[in-house]
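Line by line, the protein sequences give chains A, B and C. All residue numbers for the first sequence refer to this note's numbering, where the first residue is 1 and numbers rise by one. All residue numbers for the second sequence refer to this note's numbering, where the first residue is 1 and numbers rise by one. All residue numbers for the third sequence refer to this note's numbering, where the first residue is 1 and numbers rise by one.
Everything labelled a hint here was simulated from the structure, so no lab data went into it. Some clues are possibly wrong.
What the hints assert, rightly or not - Under the rule of at most 27 Å between Cα atoms (straight-line distance), these lysine-lysine pairs were calculated in the DSSO-like manner:
#: 1; chain 1: C; residue 1: Lys428; chain 2: A; residue 2: Lys29
#: 2; chain 1: B; residue 1: Lys17; chain 2: A; residue 2: Lys58
#: 3; chain 1: C; residue 1: Lys125; chain 2: A; residue 2: Lys2
#: 4; chain 1: B; residue 1: Lys8; chain 2: A; residue 2: Lys58
#: 5; chain 1: C; residue 1: Lys626; chain 2: C; residue 2: Lys612
#: 6; chain 1: B; residue 1: Lys147; chain 2: C; residue 2: Lys626
#: 7; chain 1: A; residue 1: Lys64; chain 2: A; residue 2: Lys2
#: 8; chain 1: C; residue 1: Lys10; chain 2: B; residue 2: Lys150
#: 9; chain 1: A; residue 1: Lys58; chain 2: B; residue 2: Lys147
#: 10; chain 1: B; residue 1: Lys150; chain 2: A; residue 2: Lys2
#: 11; chain 1: A; residue 1: Lys2; chain 2: B; residue 2: Lys8
#: 12; chain 1: A; residue 1: Lys251; chain 2: C; residue 2: Lys125
Predicted, not measured: the structure shown is a model, and the values here were computed from it.
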Amino acid sequence: MKPAAFDYYAPASVEEALDQLAELGYNGKVLAGGQSLIPAMNFRMARPAALVDLNNIKDLGYIKEPGEGGLAIGTMTRDSVVEHSKVVMDKAPLVVEAMPFIGHSQIRNRGTFGGAIAHADPAGQLPGIALAMRARLHILKKGSDRWESIDDFFLGPFMTVIEPDEMLAEVVLPPLPEKTGTSYKQVSRQHGSTTQAAIASVVSLDDKGKVASLRVVMMSVGATPLVSSAAEEMLVGQEPSEAAFREIATKASETEIDPSTDMHATAEYRRHATHELIIQSLTCALERAKGKGG
Amino acid sequence: MNTPINIKVKVNGKEYKRAVEPRLLLSDFLRHDLELTGTHVGCEHGMCGACTVIMDGVSVRSCLIFAVQADGHEIETADGLGTEDALHPLQQAFMEEHALQCGFCTPGFLMTIIPFLRENPNPTDEEIRTAIDGNLCRCTGYENIVKAVKKASVKMAGKAK
Amino acid sequence: MSKIKHMIGKSIEKPDARDKVTGQALYPGDINLPGQAYMKVLFAERPHAIIQDIDISKAVKLPGVIAVLTAKDVPVNEYGLIMNDQPVLCGPGSKKPFAERVRFIGDQVALIIAESESLTEQAKKMINVEYQDLPVISDAREAKNDHGKLVHPDRESNVFCHYQIRKGDLEKGLHEADVIIEGEYITPVQEHAFLQPEAGIAYIDEEDRVTIMVAGQWTHEDQEQIAHSLDLPPDKIRVIYPAIGGAFGGREDMSVQIDLALAAWHLMKMGIHKPVKTIWSREESIIGHHKRHPYFVKTRWGATHEGKITAAEVELVTDGGAYAYTSTKVMGNATLMCTGPYEIPNVKVDSYAVYTNNIPNGAFRGFGGPQGAFVAECQVNKLAEAINMDPVEIRMRNLLREGSLLSVDTPMPKGVTIDKVVHKCAEKAGWKNTDKGWQAPAISKKNTDIIKHGIGFACSYKNVGFSFGAPESCTAKVELHGKDTIEHAILYHSGADVGQGAHTIFIQFMAELLNLPLEKIHLIASDTARTGQSGSASASRITFMAGNSIVGAVNNALKKWINNERPAIAEYEFRPPKTTPFDPQTGKCQPNFSYGYVAQVVDLEVDTQTGKIKLDKVICVDDVGKAVNPLLVRGQIEGATVQAQGYALMENFIQKEGRTYTPTLSTYLIPTILDIPEQINSIILEEADPIGPLGARGMGEMPFLPFTPAVVAAVHAATGIWFDEFPLTPERVISKLHEKG
Numbered sequence: 001m002k003p004a005a006f007d008y009y010a011p012a013s014v015e016e017a018l019d020q021l022a023e024l025g026y027n028g029k030v031l032a033g034g035q036s037l038i039p040a041m042n043f044r045m046a047r048p049a050a051l052v053d054l055n056n057i058k059d060l061g062y063i064k065e066p067g068e069g070g071l072a073i074g075t076m077t078r079d080s081v082v083e084h085s086k087v088v089m090d091k092a093p094l095v096v097e098a099m100p101f102i103g104h105s106q107i108r109n110r111g112t113f114g115g116a117i118a119h120a121d122p123a124g125q126l127p128g129i130a131l132a133m134r135a136r137l138h139i140l141k142k143g144s145d146r147w148e149s150i151d152d153f154f155l156g157p158f159m160t161v162i163e164p165d166e167m168l169a170e171v172v173l174p175p176l177p178e179k180t181g182t183s184y185k186q187v188s189r190q191h192g193s194t195t196q197a198a199i200a201s202v203v204s205l206d207d208k209g210k211v212a213s214l215r216v217v218m219m220s221v222g223a224t225p226l227v228s229s230a231a232e233e234m235l236v237g238q239e240p241s242e243a244a245f246r247e248i249a250t251k252a253s254e255t256e257i258d259p260s261t262d263m264h265a266t267a268e269y270r271r272h273a274t275h276e277l278i279i280q281s282l283t284c285a286l287e288r289a290k291g292k293g294g
Numbered sequence: 001m002n003t004p005i006n007i008k009v010k011v012n013g014k015e016y017k018r019a020v021e022p023r024l025l026l027s028d029f030l031r032h033d034l035e036l037t038g039t040h041v042g043c044e045h046g047m048c049g050a051c052t053v054i055m056d057g058v059s060v061r062s063c064l065i066f067a068v069q070a071d072g073h074e075i076e077t078a079d080g081l082g083t084e085d086a087l088h089p090l091q092q093a094f095m096e097e098h099a100l101q102c103g104f105c106t107p108g109f110l111m112t113i114i115p116f117l118r119e120n121p122n123p124t125d126e127e128i129r130t131a132i133d134g135n136l137c138r139c140t141g142y143e144n145i146v147k148a149v150k151k152a153s154v155k156m157a158g159k160a161k
Numbered sequence: 001m002s003k004i005k006h007m008i009g010k011s012i013e014k015p016d017a018r019d020k021v022t023g024q025a026l027y028p029g030d031i032n033l034p035g036q037a038y039m040k041v042l043f044a045e046r047p048h049a050i051i052q053d054i055d056i057s058k059a060v061k062l063p064g065v066i067a068v069l070t071a072k073d074v075p076v077n078e079y080g081l082i083m084n085d086q087p088v089l090c091g092p093g094s095k096k097p098f099a100e101r102v103r104f105i106g107d108q109v110a111l112i113i114a115e116s117e118s119l120t121e122q123a124k125k126m127i128n129v130e131y132q133d134l135p136v137i138s139d140a141r142e143a144k145n146d147h148g149k150l151v152h153p154d155r156e157s158n159v160f161c162h163y164q165i166r167k168g169d170l171e172k173g174l175h176e177a178d179v180i181i182e183g184e185y186i187t188p189v190q191e192h193a194f195l196q197p198e199a200g201i202a203y204i205d206e207e208d209r210v211t212i213m214v215a216g217q218w219t220h221e222d223q224e225q226i227a228h229s230l231d232l233p234p235d236k237i238r239v240i241y242p243a244i245g246g247a248f249g250g251r252e253d254m255s256v257q258i259d260l261a262l263a264a265w266h267l268m269k270m271g272i273h274k275p276v277k278t279i280w281s282r283e284e285s286i287i288g289h290h291k292r293h294p295y296f297v298k299t300r301w302g303a304t305h306e307g308k309i310t311a312a313e314v315e316l317v318t319d320g321g322a323y324a325y326t327s328t329k330v331m332g333n334a335t336l337m338c339t340g341p342y343e344i345p346n347v348k349v350d351s352y353a354v355y356t357n358n359i360p361n362g363a364f365r366g367f368g369g370p371q372g373a374f375v376a377e378c379q380v381n382k383l384a385e386a387i388n389m390d391p392v393e394i395r396m397r398n399l400l401r402e403g404s405l406l407s408v409d410t411p412m413p414k415g416v417t418i419d420k421v422v423h424k425c426a427e428k429a430g431w432k433n434t435d436k437g438w439q440a441p442a443i444s445k446k447n448t449d450i451i452k453h454g455i456g457f458a459c460s461y462k463n464v465g466f467s468f469g470a471p472e473s474c475t476a477k478v479e480l481h482g483k484d485t486i487e488h489a490i491l492y493h494s495g496a497d498v499g500q501g502a503h504t505i506f507i508q509f510m511a512e513l514l515n516l517p518l519e520k521i522h523l524i525a526s527d528t529a530r531t532g533q534s535g536s537a538s539a540s541r542i543t544f545m546a547g548n549s550i551v552g553a554v555n556n557a558l559k560k561w562i563n564n565e566r567p568a569i570a571e572y573e574f575r576p577p578k579t580t581p582f583d584p585q586t587g588k589c590q591p592n593f594s595y596g597y598v599a600q601v602v603d604l605e606v607d608t609q610t611g612k613i614k615l616d617k618v619i620c621v622d623d624v625g626k627a628v629n630p631l632l633v634r635g636q637i638e639g640a641t642v643q644a645q646g647y648a649l650m651e652n653f654i655q656k657e658g659r660t661y662t663p664t665l666s667t668y669l670i671p672t673i674l675d676i677p678e679q680i681n682s683i684i685l686e687e688a689d690p691i692g693p694l695g696a697r698g699m700g701e702m703p704f705l706p707f708t709p710a711v712v713a714a715v716h717a718a719t720g721i722w723f724d725e726f727p728l729t730p731e732r733v734i735s736k737l738h739e740k741g
């Protein structure tokens, strides 16, 4: 199939883009990498009346290290650039670890870091990774801007707090504490295809080897990526152990998620995979945390 | 909405000026407007890789880019790779190693591998496999494609010396 | 240029490869003709309904729309490779009884021809079809016995084909057995997923022939079916194949061929001389063309403690889908092969092909063989387990040998080598032939709590050629040019090169027989106006049939050359030994004139946490008779093995109540390079087939056949669980592991 007709705007600057979005309102849609939007348009599942193409705005592609530490990534930074960035590997290895699973190299050459997060695909990797990393998002609109916590960002499948006349400009990944290990695990039926279930874990230890903070994010098992409260309740301030991981996995997979059955996986399998992957992911993250002089 | 937009695209070193509807996909632009049918369409939803071309030096899916987005950019397709008399070493290696059967997926593979070899002139088998995991082939079973890339990389490294 | 001798057995490059690597090769969708119009199909998109009315009045008025064709515009509104049970276009107004019924989502209702593709889409939306929905018949097992709900009301039952085999005395055989293994198996639907979606272009040529350029498998059959539907003599239809983007059986039946011819012909009658082009999307391709038959099998086999199989009883029910396509032939193969390459004295088989409202099923690499092999090999592996015998040892005690009788009570054609193939494969995989019989190697890899290893063995045989009495021939024409010595030669041959390298093989044969270099051979291929009937590129038959036709044509041409005819031109029609159909009572017949033999070992690991199966090593031994081009042979083995891997592990075609939920490549998943086995060791044996050209057997399908049962055996070795259904997706594996506890 071919896409339905639309009006096309290719602003050369952020200001121009915001002007355009303000004018178009509900009729306008941001075109970032297009690797999720354009296939949907080819199937005519998405039929935006107008596209505001951000690909000509060089200012939106960057990876910076802000003064307070961590990373600031411009929304239009290509996934492949993030994937091969040494500073991202250093400051946010969780992101780099997930990258090879995101589609294929050609997709990552075009797909953008911010675009994937704003697209909010429940089965997508970057939304969940951003959630695990406690990202902060800089959202712009003509005449104003705001910062949102990722915790409040996702509203539902493919729905975020970004208004039609707004655009995501930057994703900030706060610095990770020193003794932190991260891990990403997923299952999918074919390499690079839609995830059936995925887990991202961030585990930080204190000087005594107890868990100072952690975040376990479950993906593809609900309308949005989900943070496991069970994980935080059971482990913060505690000694990490395999038994604890198993308890968390059971509680999380049985009570915290509501997976559905579709042509990619059954609800039962998603639940089972979530259980197994939580254990694998936490075990791996812990090893890595310990490895950092823990 | 259907008002054509003027674009200027360099394809295989030659500049083309055309007026295109915004919704025209780059794959269709190359195939129909420019009559460069070497780029093939297998699925139009980014899954098969047959439509892969090189845009500004990186491999991309031409079915997931609008032609208007190629305005001012450089595209390389299989049609422009090598000449009748002097095939690119990768094309030569594909032929020698029987890395194609029906050949429909082949241009997509070539345009994925060319930038890969530019960045990785001496790849391991593992690296080759990861590089081409976004290209589907239903005929060959893939092994010969890996062999062809290996062969080409050796030849190209030899030439570079 | 020196003359090259002994071209056979050389791994020469394919002559078509150069055009393909430069993007110059023209596939049907790449061909553009001046002034061309575009055509799209309005599909039914519902599984079972009666069309009350089709209103095209708004669509035809849209500026730029040239014509909208419906059932009334088709002179003879029916087609089919074996049975003419399918309307070209569904709807009222044609003479075909019940053509107003749509019976599956891919039934075609209207053809829209317009100045541009986007206009065809616009016009399509303006067509109003009034449907009266009918209950959907989706389960073949239910449909078999339900005579109240009929897919084809002109028939008495949904069963459109039944075969039976009665050899010996089943009850006596079961009585003699020490162990009896019962099994119920389900094999799934599989989508071809050739990379090139259907496409083509039609025009009226300089000799007023309705000409189509399309990707297919059998030029003359396409020509015949088009001629039938258009009520024109066949020589008024011309079919040409340009480059073909894969087939695997998926282009054996019509998809766009009749549409294109009808459109060009209709335009001509309107006084409009425009070529008509069509390209299907991937979704249209998946919905619009046939799939691999699913089989529902109940079976019972008996064996003695000494490992002799005494009896086999099999009931096969297959879902033919809405129309027959090649179901009868596929089922013939499955009926024969469901008892495996074994000599079994007492056999009872009943097979039924049933109409449903699912997408029709038809030819796909293996053609009933994989389904039959799955049943046979799983049963033999289970028997081996039951009597505590090695799986290779039990096979050696029962394999067909020279002169053995098949289940259909006739002897095998000469050149039976399955024992050699099994021997070689077992040896290569580490089996030892001890004085206590064959013994499997010990598992070298250690199991952990999570990862379990296993190896599995299976073997099979695959017919070469059409089988069961289907008329079969292959024609070649050769022209020899030169003065005193032959300087160059031209071969005219219809045989389709679907990617397997058929055209390369033809040229190799020519070069060998005429002692000419490859550059001196010119091939004119796949054009009904210039080349004779070759039969389809299917059934592993092209090397065999075309090779023999070329040998004959060259011999005849050489006789003329010696008689000083310049150029020396000769045609030859090769006819293979006759085969016969199943006797309706006993099934006795001479089903095939040649076979290829194959055995495989699969070495894998099962992750019992995620249910994922990782293939470590595959060993495949094929007796190909004579490897005309070893590189091409290996290419077929590797390609078939990866396709079989998709069948066994990943490809999950979901159809419910006649609707498909996997019509795209993002939902129907085929193997990528990261999904394939780490190693595929393919070993080629060359035990000449007595009637093969230079000894060659056909081999394009056979590596597919034993793969799935070998995987199932390996998974059983790893987990203790027998899987009777596949694909072995992680869900299925986890679900069964949980059941086991």
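Outcome of the hint check:
| no. | hint | verdict |
| --- | --- | --- |
| 1 | Lys428/C to Lys29/A | 60 Å, violated |
| 2 | Lys17/B to Lys58/A | 24 Å, holds |
| 3 | Lys125/C to Lys2/A | 14 Å, holds |
| 4 | Lys8/B to Lys58/A | 19 Å, holds |
| 5 | Lys626/C to Lys612/C | 38 Å, violated |
| 6 | Lys147/B to Lys626/C | 25 Å, holds |
| 7 | Lys64/A to Lys2/A | 38 Å, violated |
| 8 | Lys10/C to Lys150/B | 23 Å, holds |
| 9 | Lys58/A to Lys147/B | 39 Å, violated |
| 10 | Lys150/B to Lys2/A | 37 Å, violated |
| 11 | Lys2/A to Lys8/B | 22 Å, holds |
| 12 | Lys251/A to Lys125/C | 51 Å, violated |
Hint compliance for this structure: hints 1, 5, 7, 9, 10, 12 are not met, and every other hint is.
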